[in-house]
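Since the structure of chain A is provided, determine the placement of chain B on it from the hints.
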Amino acid sequence: GAGVSQSPRYKVAKRGQDVALRCDPISGHVSLFWYQQALGQGPEFLTYFQNEAQLDKSGLPSDRFFAERPEGSVSTLKIQRTQQEDSAVYLCASSLRPAWTDEQFFGPGTRLTVL
Amino acid sequence: KQEVTQIPAALSVPEGENLVLNCSFTDSAIYNLQWFRQDPGKGLTSLLLIQSSQREQTSGRLNASLDKSSGRSTLYIAASQPGDSATYLCAVYTGNQFYFGTGTSLTVIP
Numbered sequence: 015g016a017g018v019s020q021s022p023r024y025k026v027a028k029r030g031q032d033v034a035l036r037c038d039p040i041s042g043h044v045s046l047f048w049y050q051q052a053l054g055q056g057p058e059f060l061t062y063f064q065n066e067a068q069l070d071k072s073g074l075p076s077d078r079f080f081a082e083r084p085e086g087s088v089s090t091l092k093i094q095r096t097q098q099e100d101s102a103v104y105l106c107a108s109s110l111r112p113a114w115t116d117e118q119f120f121g122p123g124t125r126l127t128v129l
Numbered sequence: 667k668q669e670v671t672q673i674p675a676a677l678s679v680p681e682g683e684n685l686v687l688n689c690s691f692t693d694s695a696i697y698n699l700q701w702f703r704q705d706p707g708k709g710l711t712s713l714l715l716i717q718s719s720q721r722e723q724t725s726g727r728l729n730a731s732l733d734k735s736s737g738r739s740t741l742y743i744a745a746s747q748p749g750d751s752a753t754y755l756c757a758v759y760t761g762n763q764f765y766f767g768t769g770t771s772l773t774v775i776p
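Heads up: the protein sequence lines correspond to chains A and B, in order.
Those letters in the first sequence? Residues 15 to 129, by the working numbering.
Those letters in the second sequence? Residues 667 to 776, by the working numbering.
Source of the hints: derived by calculation from the structure; they are not laboratory data.
If a hint is listed, it holds; no wrong ones were tucked in.
To give an idea of the chain A side of the interface with chain B (calculated C-beta under 7 Å), a few residues: (1) Q55; (2) F59; (3) D70; (4) L105.
Computed list of lysine-lysine pairs in PhoX-like fashion (alpha-carbon distance at most 20 Å, straight line): (5) B:K708 x A:K25; (6) A:K92 x A:K71; (7) A:K25 x A:K92; (8) A:K28 x A:K92; (9) B:K667 x B:K734; (10) B:K667 x A:K71.
From the three backbone atoms N, C-alpha and C, an ideal C-beta is built for every residue, glycine too.
Same shape as in the complex, but just chain A:
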């Protein structure tokens, strides 16, 4: 596709449910990032993949959060036993080359609401 796509665009979950958020990066992009953006705040880094390797997951807020990119393209962010504080927009971004050299292209985000 022409840009980064994310699905679903909106997700409502009951507290305690598991959710899976999908990111389709731009074809051929090496780097993929996940961010969490709370209302009125800037995005906060969650995790970074270079191809299929998860090079940094220091931003994941708890062990309920898990991300994977098994074939180096599509990525999934999974949140287990969702809590109300997980409500946020989850943004995915990709870049052609490693993170330190290249601009990021963002998807539209998935807005997660946990009731």
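Okay, now just chain B, sitting in the frame of chain A:
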């Protein structure tokens, strides 16, 4: 931990005015700095990327400067238009992750 601050938090200007948005960061050991715009309910659009070895980048009516030693960057928008209304975010890359500011919400009044 790197902290990124953007001032002002909100700005309202009449159409046609030139304006400057500010971004400051606490740790000067960065690889690059990127400016984005975010429209309501949408993702981020990259505007300009400045590598740590560069001083400025220009794209159309936008000019971004970087003073790494003082931990500051500015985004200059010339001849503002109503379509420029959005939230502008800066982000720095430190070698392991990106840190974003909280943004400046810009409104350009026709």
